[in-house]
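Trainee: Single-letter residue listing:
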Amino acid sequence: MIRERVARLRPDRTTLFFIALAAVSAGGVWLQDGGTQVVASIREATTLLLEIAPVIGAALFIGGYVQALLPRDLVARWLGENSGPVGYLLATIAGILTPAGPFGAFPLVLALRRAGAPFDVCVVYLSAWATLGVNRIVIWELPFLGHDFVMLRVLASLPLPIVAGLFARAMPLQPR
Amino acid sequence: MSNFLLPLAFVLVMLAGLVAYAQLRHRDAHGIAALRARDQFRALAPRIPFALVAAECIGRLLPRDEVAALLGAHAGVGGTLFASVVGGFLPGGPMVAFPLAIALFRAGATQAPLVALITAWSLLAVNRTLLFEVPLLGTRFTLSRIAVSAPLPILAGLIAGVIVTAFASGSGPAG
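In order, the protein sequence lines correspond to chains B and W. 1 is the number of the first residue of the first sequence in the working numbering; add one for each residue after it. 177 is the number of the first residue of the second sequence in the working numbering; add one for each residue after it.
Isolated chain W, as found in the complex:
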């Protein structure tokens, strides 16, 4: 339950700093900031409730045995590979990816494959790539970046696996 208090404190401090800076240096920034925030709010507000309900329901529908077999403790490197592919093709923004990660956790996925999944999603996010990267930076740039980013989720998953194993075999608490 305290998971969200720390982030809230952090964003409030950060916002206070930005507001104070704008007040001292760029008073006209207040108006621009409010307009941008309003536009973003209008885009996000209707989506978030439905996205959260969908993620919660999908979590309940996931077949536990299959999730545990593909992404669980015994899936090994194969689980990390599989998770990287799933994450790379996962559509939607953070309001889909993170609730889905919780759902997979509950259904028996372990940490290393989930690290790979989130890394793959964050590097390759299909929507973001199509909406922002291709129009702004071009197809050539985008394809080149995707090519060099493709191995990274697997690397992150493997490193996470090593860290988890190191903690599990030592005296410290695992995860």
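Next comes chain B alone, as it looks inside the complex:
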């Protein structure tokens, strides 16, 4: 029991990577600017953490509810049956609205493929989710980068899912 708990506390590889990255980069700042700047960096990071923590906390629950409530098969059937401009538009909207991380989006694409959706519709969906997904914009991008930049990036990204879909359709060898 106790051993299990200790094992659970042991950081996984990704966490170890971040710990090492933080240590090395803090060491670099210490060599370049001195110890007070390391303290200043940690203070800046703490402020940012306190600002984004409530948003991320709420977002974790949103992700949980979406995974529990999303009628995956229904969405997949609905997108699988529509190709062409209507399919592209539906896939774009679905991608923008999928309010979950990769653990939500990729299983949905798998369901899409099984329901017979063509490659280009899947590409439109994934591109829209990756570049315009409302979830990541609200939780990560707005707090970090501010609305001026986010608006510029969203405007510039609006055509991307459709362009990606047209590229995908033109591909000579379609993945089955």
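It is possible that part of the hints are untrue.
Claimed, not checked - Pulled from the structure, derived: some chain B residues nowhere near chain W, Cβ distances all over 10 Å:
#, residue
1, A45
2, L48
3, A68
4, D73
5, R77
6, G80
7, L90
8, A115
9, R136
10, L160
Claimed, not checked - So the derived label-pair ranges between C-beta atoms look like this:
#, chain 1, residue 1, chain 2, residue 2, range
11, B, W78, W, Q199, 20 to 28 Å
12, B, L97, W, A344, 45 to 53 Å
13, W, R240, B, R13, 26 to 34 Å
14, B, V39, W, F265, 47 to 55 Å
15, B, L74, W, L237, 45 to 53 Å
16, W, R240, B, P71, 48 to 56 Å
17, W, V189, B, L74, 22 to 30 Å
18, W, V302, B, V134, 40 to 48 Å
19, W, A196, B, G27, 34 to 42 Å
20, W, A344, B, E81, 44 to 52 Å
Calculated from the structure, these hints are not laboratory results. No residue lacks a Cβ here, since even glycine has one placed at the ideal position from N, Cα and C.
Given the coordinates of chain B, work out where chain W should sit on it, guided by the hints.
Mentor: For chain W alone, coordinates are given in the frame of chain B:
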């Protein structure tokens, strides 16, 4: 400072809507949602503080002159190309990419290359591709998708550049 109030309001409204819907239609969703949220929290919580410290420190270590030359106002289309390549190979999730984007901003990068960088990272994110896409959808699907996505960051960067230039030459405020 108000940057995070709008997102907070948004996520709280959204969460309230989901909780209300689950309460009315699928009461068993509460338990599943709490379990999934707990699992995600356990994975993320230990990483985020170190990731933020690392991003802040890397920002201070970036050579300003080089960043400004490669990604700054005078880098032009080359800056967008360079940023697309960097973004495509950028490892890690949003807790690395966005703080790094702030750091690059502070070090003199301009908006169009950063749009390209974030677009490239969001479309090609190495970790996500290896952890989720390849196992679930297969190598063939993944490679095909990456092939058709490769030009998109450059396109987004060029469009952003056009928008920024249009605003800068008009009477409106730039960025």
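Trainee: For each hint, tell me whether it holds in the structure or not.
Mentor: Checked hints:
1. A45: violated, 4 Å
2. L48: With a cut-off of 10 Å, L48 of chain B comes too close to chain W, as the shortest Cβ separation is near 6 Å.
3. A68: With a cut-off of 10 Å, A68 of chain B comes too close to chain W, as the shortest Cβ separation is near 4 Å.
4. D73: Consistent with the label, D73 of chain B stays out of reach of chain W, its closest Cβ about 15 Å off (over 10 Å).
5. R77: holds, 18 Å
6. G80: holds, 15 Å
7. L90: With a cut-off of 10 Å, L90 of chain B remains clear of chain W, as the shortest Cβ separation is near 19 Å.
8. A115: holds, 14 Å
9. R136: R136 of chain B is in fact no farther than 10 Å from some Cβ atom of chain W, at 6 Å.
10. L160: violated, 5 Å
11. B:W78 with W:Q199: 20 to 28 Å: holds, 26 Å
12. B:L97 with W:A344: 45 to 53 Å: violated, 33 Å
13. W:R240 with B:R13: 26 to 34 Å: Since the Cβ atoms of R240 of chain W and R13 of chain B sit about 33 Å apart, the hinted range of 26 to 34 Å holds.
14. B:V39 with W:F265: 47 to 55 Å: violated, 32 Å
15. B:L74 with W:L237: 45 to 53 Å: Once the Cβ atoms are compared, 49 Å apart, the range 45 to 53 Å for L237 of chain W and L74 of chain B holds.
16. W:R240 with B:P71: 48 to 56 Å: holds, 51 Å
17. W:V189 with B:L74: 22 to 30 Å: Because 24 Å falls inside the window, the suggested range holds.
18. W:V302 with B:V134: 40 to 48 Å: violated, 24 Å
19. W:A196 with B:G27: 34 to 42 Å: violated, 49 Å
20. W:A344 with B:E81: 44 to 52 Å: Cβ of A344 of chain W to Cβ of E81 of chain B: about 46 Å, so the range 44 to 52 Å holds.
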